[in-house]
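Going line by line, the protein sequences match chains A and B.
Here the working numbering is used: the first sequence runs in plain steps of one and ends on residue 780.
Here the working numbering is used: the second sequence runs in plain steps of one and ends on residue 216.
Take the hints with a grain of salt, since some may be wrong.
[Unchecked claim] These stretches of chain A come out as covered by chain B in the derived footprint (C-beta under 8 angstroms, 3 or more residues):
| # | segment |
| --- | --- |
| 1 | 696-704 |
| 2 | 756-767 |
[To be verified] Residues on chain A that point at chain B, a partial pick, calculated with CB under 7 angstroms:
| # | residue |
| --- | --- |
| 3 | Y750 |
| 4 | W770 |
| 5 | Q772 |
| 6 | G773 |
[To be verified] Subject to a maximum C-alpha distance of 27 angstroms in a straight line, what follows is the list of computed DSSO-like cross-link-like pairs (lysine-lysine):
| # | chain 1 | residue 1 | chain 2 | residue 2 |
| --- | --- | --- | --- | --- |
| 7 | A | K678 | B | K149 |
| 8 | B | K129 | A | K718 |
| 9 | A | K668 | A | K718 |
| 10 | A | K668 | A | K678 |
| 11 | A | K678 | A | K718 |
| 12 | A | K674 | A | K718 |
Hints were generated in silico from the structure; no laboratory data involved.
Glycine included, C-beta positions come from ideal geometry on N, C-alpha and C.
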Amino acid sequence: QVQLVQSGAEVKKPGASVKVSCKASGYTFTGYYMHWVRQAPGQGLEWMGRINPNSGGTNYAQKFQGRVTMTRDTSISTAYMELSRLRSDDTAVYYCARDDTPFRTGGVIIAPDYWGQGTLVTVSS
Amino acid sequence: DIVMTQTPLSLSVTPGQPASISCKSSQSLLHSDGKTYLYWYLQKPGQSPQLLIYEVSSRFSGVPDRFSGSGSGTDFTLKISRVEAEDVGVYYCMQGIHLPPFGQGTKLEIK
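Please model the complete structure; the sequences and the hints are all you need to start from.
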């Protein structure tokens, strides 16, 4: 069965960086885009971007351009999301979520099916 | 930016009664590949979102058949034929071809 297991909660100071991991199992890691979505406390869902684990190609939401970096390590079926220059309003639960279509081509399509358990990132001085 | 508008923002339903959530998009969700990328998710309290419906009306694996999706173009609906206690949470519609993708959510409570 598909499983996405994320790294544990983080507490960071403003201006620092955080790197969240997402270990995939139960499917061919390189065959499906991985999305990253965040949720501030009591708020809705916000798409941050996606990575093609096969090529390493990425698409980021404009809001996060220049601050977010998505990478992967295919040898351990793990995707990473690093967010830099953290601010207090980056406090949120960060989710990885697998795209629902194998070897998706064409433009950016956002279609997650399985989600990780979430990683709480708290930014506080 | 596209705007996804869900109504109502909250609803309280007696167990066994039906429920319906509307999702209207400010732009067509029909992609050039012929698919309409409209999805429904349920986020139960303290949990990650879980996929219920994909491409307007297809139920995801393991989703009970009391959940159904319909619509086309810019107007979409999620229906629960008979609400159960385990259906509480926030329902999000999401479109996959424009940014930002998610609606604001609809909170379902049990009376």
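Pair hint K668/A and K718/A, alpha-carbon separation not exceeding 27 angstroms: 21 angstroms, holds
Satisfaction of hint between K718/A and K674/A, Cα-Cα up to 27 angstroms: 18 angstroms, holds
Satisfaction of hint between K678/A and K668/A, Cα-Cα up to 27 angstroms: Answer holds: K668/A to K678/A is near 25 angstroms, not above 27 angstroms.
Agreement of hint W770/A with chain B interface, Cβ distance less than 7 angstroms: 4 angstroms, holds
Hint status (Cβ of Y750/A to nearest Cβ of chain B, threshold 7 angstroms): The hint holds - Y750/A has a Cβ within 7 angstroms of chain B, the shortest such distance being about 6 angstroms.
Given coverage of the segment 756-767 of chain A by chain B, tested with a Cβ cutoff of 8 angstroms and a minimum of 3 residues: This one holds; 7 residues, not fewer than the three required, reach chain B with a Cβ under 8 angstroms.
Given pair status - K718/A, K678/A, alpha carbons within 27 angstroms: 25 angstroms, holds
Proposed proximity, K149/B with K678/A (alpha carbon, max 27 angstroms): The given pair, whose Cα atoms are some 23 angstroms apart, holds under the 27 angstroms limit.
Hinted pair K129/B and K718/A, Cα distance within 27 angstroms: It holds: about 24 angstroms lies between the C-alpha atoms, which stays within 27 angstroms.
Proximity test - 8 angstroms, beta-carbon atoms, the segment 696-704 of chain A to chain B, at least three hits: Contact hint for the segment 696-704 of chain A vs chain B: holds, 4 residues under 8 angstroms.
Proposed interface contact between Q772/A and chain B, which counts if any beta carbon pair is under 7 angstroms: 6 angstroms, holds
G773/A as chain B interface residue, shortest Cβ-Cβ below 7 angstroms: Holds. Min distance 5 angstroms.
Going down the numbered hints, you'll see the structure goes against none, and every one checks out.
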